[in-house]
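Chemist: As you go down the protein sequences, you meet chains C and D in turn.
The first sequence begins at 115 in our numbering and counts up by one.
The second sequence begins at 77 in our numbering and counts up by one.
Some hints could be false.
[Said to hold, decoys possible] Quick look at which bits of chain D chain C covers, simulated, 3 or more residues with Cβ under 8 Å: (1) 226–234; (2) 299–305; (3) 397–404.
[Said to hold, decoys possible] FRET-style restraints, in silico, Cβ to Cβ: (4) Pro205/D <-> Tyr191/C: 46 to 54 Å; (5) Ser146/C <-> Asp126/D: 40 to 48 Å; (6) Asp126/D <-> Pro214/C: 45 to 53 Å; (7) Val162/D <-> Gly224/C: 38 to 46 Å; (8) Ile258/C <-> Asn300/D: 26 to 34 Å; (9) Gly155/C <-> Gly181/D: 23 to 31 Å; (10) Phe195/C <-> Asn300/D: 52 to 60 Å; (11) Glu446/D <-> Pro214/C: 50 to 58 Å.
[Said to hold, decoys possible] Covered stretches of chain D (in silico footprint by chain C; criterion: 3 or more residues with CB under 8 Å from a CB of chain C, positions within the stretch not fixed): (12) 149–157; (13) 445–457.
What the hints contain is simulated information worked out from the structure, not anything from laboratory work.
Note that beta-carbon positions come from the ideal geometry of N, C-alpha and C, so glycine has one too.
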Amino acid sequence: MSGRPAASERAAPTGVRRWWRRPGPLCAFPVSLFLLAGFAGPLVIVLAYSFMPPRTFSLRQAPTLENFASVISDSYYLSFFWSLFLATTAVLILFLVCYPIAYGMAKLFGRWANLVTALVALPLLISENIRLFGWVLVLLKNGILDGTLQQLFGVSVSGLLYTVPAIVLGLVYVYLPFMLFPLVIGISMVPESLKEAAADLGASRFEIFREVELPLSMPGIMIGGILSFILALGSLAESKILGGQTVIMIADDIESAFTFAQNWPKGSVLSVLLIALSGLIVVMLFRNIDLDRIIGRR
Amino acid sequence: MYRNSLNRRNFLQQTGLWAAAAAAGGLPTLANAAREKELNIYCWEGYNSDDVLDPFRREFDAKVRAEGLTSDPDAVNRLRAGETAVWDLINVNNPWAREMMYPEGLIRPLPRERFEPMFENMMPAFHPPYPWAMDKSGEELLGMTQRFGPFNFVVNTDKISKATAEDEGFNVFLDSGMQGKYGVLTYDNWNIYHMCVTAGVHPFKAHTPEEIEAFTVACKQIFNGAKILTDDLVQMNLALINGEIDAYFTGGTYTASSARYDGATQVRGITPKSGPMDGKGGIVWIELTSVVNNPEVSPLAEEFLAYIQRPDISKLVAFAEGTYNPVSQMGDPAVMGQFDADELDAIQWDSLEEEMANSADYDINPDYAEMYEIYSAAKREREA
Numbered sequence: 115m116s117g118r119p120a121a122s123e124r125a126a127p128t129g130v131r132r133w134w135r136r137p138g139p140l141c142a143f144p145v146s147l148f149l150l151a152g153f154a155g156p157l158v159i160v161l162a163y164s165f166m167p168p169r170t171f172s173l174r175q176a177p178t179l180e181n182f183a184s185v186i187s188d189s190y191y192l193s194f195f196w197s198l199f200l201a202t203t204a205v206l207i208l209f210l211v212c213y214p215i216a217y218g219m220a221k222l223f224g225r226w227a228n229l230v231t232a233l234v235a236l237p238l239l240i241s242e243n244i245r246l247f248g249w250v251l252v253l254l255k256n257g258i259l260d261g262t263l264q265q266l267f268g269v270s271v272s273g274l275l276y277t278v279p280a281i282v283l284g285l286v287y288v289y290l291p292f293m294l295f296p297l298v299i300g301i302s303m304v305p306e307s308l309k310e311a312a313a314d315l316g317a318s319r320f321e322i323f324r325e326v327e328l329p330l331s332m333p334g335i336m337i338g339g340i341l342s343f344i345l346a347l348g349s350l351a352e353s354k355i356l357g358g359q360t361v362i363m364i365a366d367d368i369e370s371a372f373t374f375a376q377n378w379p380k381g382s383v384l385s386v387l388l389i390a391l392s393g394l395i396v397v398m399l400f401r402n403i404d405l406d407r408i409i410g411r412r
Numbered sequence: 077m078y079r080n081s082l083n084r085r086n087f088l089q090q091t092g093l094w095a096a097a098a099a100a101g102g103l104p105t106l107a108n109a110a111r112e113k114e115l116n117i118y119c120w121e122g123y124n125s126d127d128v129l130d131p132f133r134r135e136f137d138a139k140v141r142a143e144g145l146t147s148d149p150d151a152v153n154r155l156r157a158g159e160t161a162v163w164d165l166i167n168v169n170n171p172w173a174r175e176m177m178y179p180e181g182l183i184r185p186l187p188r189e190r191f192e193p194m195f196e197n198m199m200p201a202f203h204p205p206y207p208w209a210m211d212k213s214g215e216e217l218l219g220m221t222q223r224f225g226p227f228n229f230v231v232n233t234d235k236i237s238k239a240t241a242e243d244e245g246f247n248v249f250l251d252s253g254m255q256g257k258y259g260v261l262t263y264d265n266w267n268i269y270h271m272c273v274t275a276g277v278h279p280f281k282a283h284t285p286e287e288i289e290a291f292t293v294a295c296k297q298i299f300n301g302a303k304i305l306t307d308d309l310v311q312m313n314l315a316l317i318n319g320e321i322d323a324y325f326t327g328g329t330y331t332a333s334s335a336r337y338d339g340a341t342q343v344r345g346i347t348p349k350s351g352p353m354d355g356k357g358g359i360v361w362i363e364l365t366s367v368v369n370n371p372e373v374s375p376l377a378e379e380f381l382a383y384i385q386r387p388d389i390s391k392l393v394a395f396a397e398g399t400y401n402p403v404s405q406m407g408d409p410a411v412m413g414q415f416d417a418d419e420l421d422a423i424q425w426d427s428l429e430e431e432m433a434n435s436a437d438y439d440i441n442p443d444y445a446e447m448y449e450i451y452s453a454a455k456r457e458r459e460a
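The following block holds chain C by itself, in its conformation from the complex:
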């Protein structure tokens, strides 16, 4: 490269050698260092362990693909399948449940929206396990629901607990706020003028919803969907407490590998595969939304 730099380029030091003179990188340096050590560091360690021989507790062994081969040849695909299936089902139900509530909060409830927000956010202050155990008491044989129905109508619904639908109920209940609040933001972004214009041009209520509201609130839907999907994919307590481990989710296998199996490398392989799967899904979905537009930079 040759030639004198333009005045605008001279004003700010350029090149890696002078990065420390620029305020941006300088200010970001401590946080970057913290992120690197606290966020990327453990991930790198997990990745490194996935290449260690089975049941070793040291990173000083010769790398091997043995654990990857063992995970692929074993029946772990079942756990991945159940995690994906349950997370997808929960997200679809969450969308159906949350969209009307979010619409009300964004457009209809007015000052009551704050109360609804508080009511939805309040359970987040209570431990997830305690909330799920509350559901156990409701769904248990001779529990609150079964006992009440028996007493009032002579009907028994004793088979609700320890089933796949009970796990889905738990996932929907626990991750509701993570779908709801992004949806509220997404729906708030839809300008009223566009809906009015569509109505003036003869669109029906359903057409306005399908052609205007749904596409324009899509960023909120996508973010809510991704958040709740990723959280549900890595969930553990719902299948344990409400599902009675009717099915084994992948997070359960990861926990078992690190603890009872004493096989850190296998737990690391399962973690790496789960992270890769989550990452792939997020990347694919984020290609369809523009974060800059959502936060108003463009």
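Here the structure of chain C is known, so what remains is to put chain D in place on it, guided by the hints.
Modeler: Structure of chain D alone, referenced to chain C:
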């Protein structure tokens, strides 16, 4: 005259000096001094109870932090991952100290002259030299015993009588009439041992391919017939009391005692009368509390080990919140005198001696890794 001239430049200089001093090892000395009055305990629930800890805090004017653990392997993992620098005492089940933690340098021996005489006051089975408290050479004392208990399975005696359950042993779970009427408490390591016993295989010896095959069959049978799998003993007891299930696989005094003490005396831990472990069909666990090989171990660690041997404190440990268990110190009349009839009934004192006689000690399974793979696959592939 001293003049306070602290400004931004010399503040940075002084901070740098302190940082350099810390890096050179100045601060660890201060930290070490501070640990005279500090104790960190990593233990099964009970030792972390304020009922047990508060009198110690007052007597030794100490800041005691205790964290409950949820599984032995998890606890040992944390020490392996570097938490030897955090904890002073660790309380896990018997084989871990001798077979894993001491050989791996995670715990340190106790002074025998001070602690071995305390074993003399315990129940006869624990008299010194008590093998699980010693290292493999028999020279070093690795910890103190206290809580113990038979751990096999639990039934609702309104549905399955104690006598039937003891006679049939784990075969109770293979009965076609029990399909969908029992739970599996997912204490995975215990389940593997009990599934061995169900298959008629000694869990603590090397296994032949035929024995591994028998274990595989038992594993699948037990999982496929189970209604509930959970690692929560309260949830399991609740299901038992509510009639959701009639029995649960893997359990004992440790899991049944809290329900029994609440009045649900139909919940009972069962030890099979016979089985493949040299004629024994049950397994008993014994906790061992050891001093962690912490580079700056608190001097209070040994004081705490002596403190929990006292009669009143032994009783508090046995009946701390959560689970209730017999303690080896019950060999001392002063400790026995602390328990009333309901408490003794909760820990099944009436059958404890017989259950101990029918039990082998919890130990290491040489084929655990291979069996765990089979076990976890059977759990995953369960026909729900």
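Chemist: Hint by hint, say whether it matches the structure.
Modeler: Now the hints, each set against the structure:
no., hint, in the structure
1, 226–234, "violated (count 0)"
2, 299–305, "holds (count 3)"
3, 397–404, "violated (count 0)"
4, Pro205/D <-> Tyr191/C: 46 to 54 Å, "holds (51 Å)"
5, Ser146/C <-> Asp126/D: 40 to 48 Å, "holds (43 Å)"
6, Asp126/D <-> Pro214/C: 45 to 53 Å, "holds (48 Å)"
7, Val162/D <-> Gly224/C: 38 to 46 Å, "violated (52 Å)"
8, Ile258/C <-> Asn300/D: 26 to 34 Å, "holds (30 Å)"
9, Gly155/C <-> Gly181/D: 23 to 31 Å, "holds (25 Å)"
10, Phe195/C <-> Asn300/D: 52 to 60 Å, "violated (19 Å)"
11, Glu446/D <-> Pro214/C: 50 to 58 Å, "holds (53 Å)"
12, 149–157, "holds (count 4)"
13, 445–457, "holds (count 8)"
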